[in-house]
Amino acid sequence: EAGVAQSPRYKIIEKRQSVAFWCNPISGHATLYWYQQILGQGPKLLIQFQNNGVVDDSQLPKDRFSAERLKGVDSTLKIQPAKLEDSAVYLCASSSGLAGGAYEQYFGPGTRLTVT
Amino acid sequence: AQSVTQLGSHVSVSEGALVLLRCNYSSSVPPYLFWYVQYPNQGLQLLLKYTTGATLVKGINGFEAEFKKSETSFHLTKPSAHMSDAAEYFCAVSEGTGGFKTIFGAGTRLFVKA
Chain A
1 EAGVAQSPRY
11 KIIEKRQSVA
21 FWCNPISGHA
31 TLYWYQQILG
41 QGPKLLIQFQ
51 NNGVVDDSQL
61 PKDRFSAERL
71 KGVDSTLKIQ
81 PAKLEDSAVY
91 LCASSSGLAG
101 GAYEQYFGPG
111 TRLTVT
Chain B
1 AQSVTQLGSH
11 VSVSEGALVL
21 LRCNYSSSVP
31 PYLFWYVQYP
41 NQGLQLLLKY
51 TTGATLVKGI
61 NGFEAEFKKS
71 ETSFHLTKPS
81 AHMSDAAEYF
91 CAVSEGTGGF
101 KTIFGAGTRL
111 FVKA
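Chains as they are written, first to last, in the numbering used here: chain A, 1 to 116; chain B, 1 to 114.
Since the hints were made in silico from the structure, they are not lab data.
Any given hint could be a false lead.
Below 30 angstroms or equal to it, Euclidean Cα-Cα: the simulated BS3-like pairs (lysine-lysine) are [to be verified]:
#, chain 1, residue 1, chain 2, residue 2
1, B, Lys68, A, Lys15
2, B, Lys49, A, Lys44
3, B, Lys101, A, Lys44
4, A, Lys11, A, Lys71
5, B, Lys101, B, Lys58
6, A, Lys44, B, Lys68
Pulled out of the complex, with its shape left as it was, chain B reads as follows (with noise of 0.2 angstroms):
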């Protein structure tokens, strides 16, 4: 059965410091894997996804993932916080094709401070 999780329920970095969120994954087979955003009041929004080839993802707004296999990984990065980038990330798995349910992770707030 897939599952997720997210390490640090809670994250807090300075203005311009490496933002790292971290999700560790379960999967009978290999999974897509997938990093959503969830502002104030919004609904959730894909920051970006893993499907096959390259491992290392690119997403909106300068963030990135990378796919680990060996560690069964696909942590979140952004090089320099931006005061915008507050808000709650979940990491989500789904398995194969039709009929496999998306599993998500609890979420990890991320506080940006001046």
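Bound-form chain A, shown alone (with noise of 0.2 angstroms):
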């Protein structure tokens, strides 16, 4: 079985720059997560989808982060402008059942991010 893709590995860009990240998750997964990790922190849930719809979206900074599932499959993850403090690795993972509750969750490699 294909475990969760993520593209690219490694960016970096300058601030006020924009980005995007994939993310496919592992097929029929109906949960699918974005987390952002900070250097000497835990995953930061910012955004998780059940199919296509949004579970919860409160800790995403939405005047610059946005996300979309499309189909229900793959996502998409966009920052814009960036800022200084959005270096980060960016973690996707997804989850066969609900969102929440004791499903197992199966996570990316990440996508590192440098801004400067």
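Hey, can you piece these two chains together into the complex? The hints should help.
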């Protein structure tokens, strides 16, 4: 079974530029998560989708971050414009069950973003 | 509101020694508890989880954790450390069903000395 795929793996941009990350979850997984992991911290949930609907985006900085999950499969996360504090690893995860709860989340390798 | 505290950002043990990584949580309802491991340049992967039932949970690679409700703890242990156990370990809590998010602790980096 193929795992969660993410691209790009690394990205360096200047502040005020825009950037987009792509995630392809495990086939058949209903729930998809985007996390931000700042160096030295645990992953922080940005947004979670169940199929193509948003379940929780309470911690997504909506003035600059946006995300979509078209057709309940792939997802993109966009930052526009980027700030220095957005430098982090962006993790995508998916699970077979309902958002939250007892289901294991499967994580992709992440995209390391550096904003200069 | 749920939260997770991992005591010690770094833990160092000798190969063959006991591994103990501490996790305390706060939750207003019986939680689901998880330990994930992150090896360098890899995504997080599940070590073990507690949902209901037996409070001592066994996971992969010889790790186990015990849910202690009275202490609001879910400490991770392994009787004998191996060099390959060097990684970052995250404790996580998820409340209830559908729509609740999973909260991760800050992580504990485990170093194993030869």
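Structure-based check of all given hints:
Between B:Lys68 and A:Lys15 the CA atoms are separated by roughly 46 angstroms; this puts the pair beyond 30 angstroms, and the hint is violated. For the hint linking B:Lys49 to A:Lys44, the alpha-carbon distance of about 19 angstroms falls within 30 angstroms, and the restraint holds. Taking the CA atoms of B:Lys101 and A:Lys44, the gap is near 10 angstroms; set against the 30 angstroms cutoff, the hint holds. Note on A:Lys11 and A:Lys71: the hinted pairing holds, with a Cα-Cα distance of about 26 angstroms set against a maximum of 30 angstroms.
With a C-alpha separation of about 24 angstroms, the suggested pairing of B:Lys101 with B:Lys58 holds against the 30 angstroms cut-off. For the hint linking A:Lys44 to B:Lys68, the alpha-carbon distance of about 25 angstroms falls within 30 angstroms, and the restraint holds.
In this structure, the one hint that does not hold is number 1.
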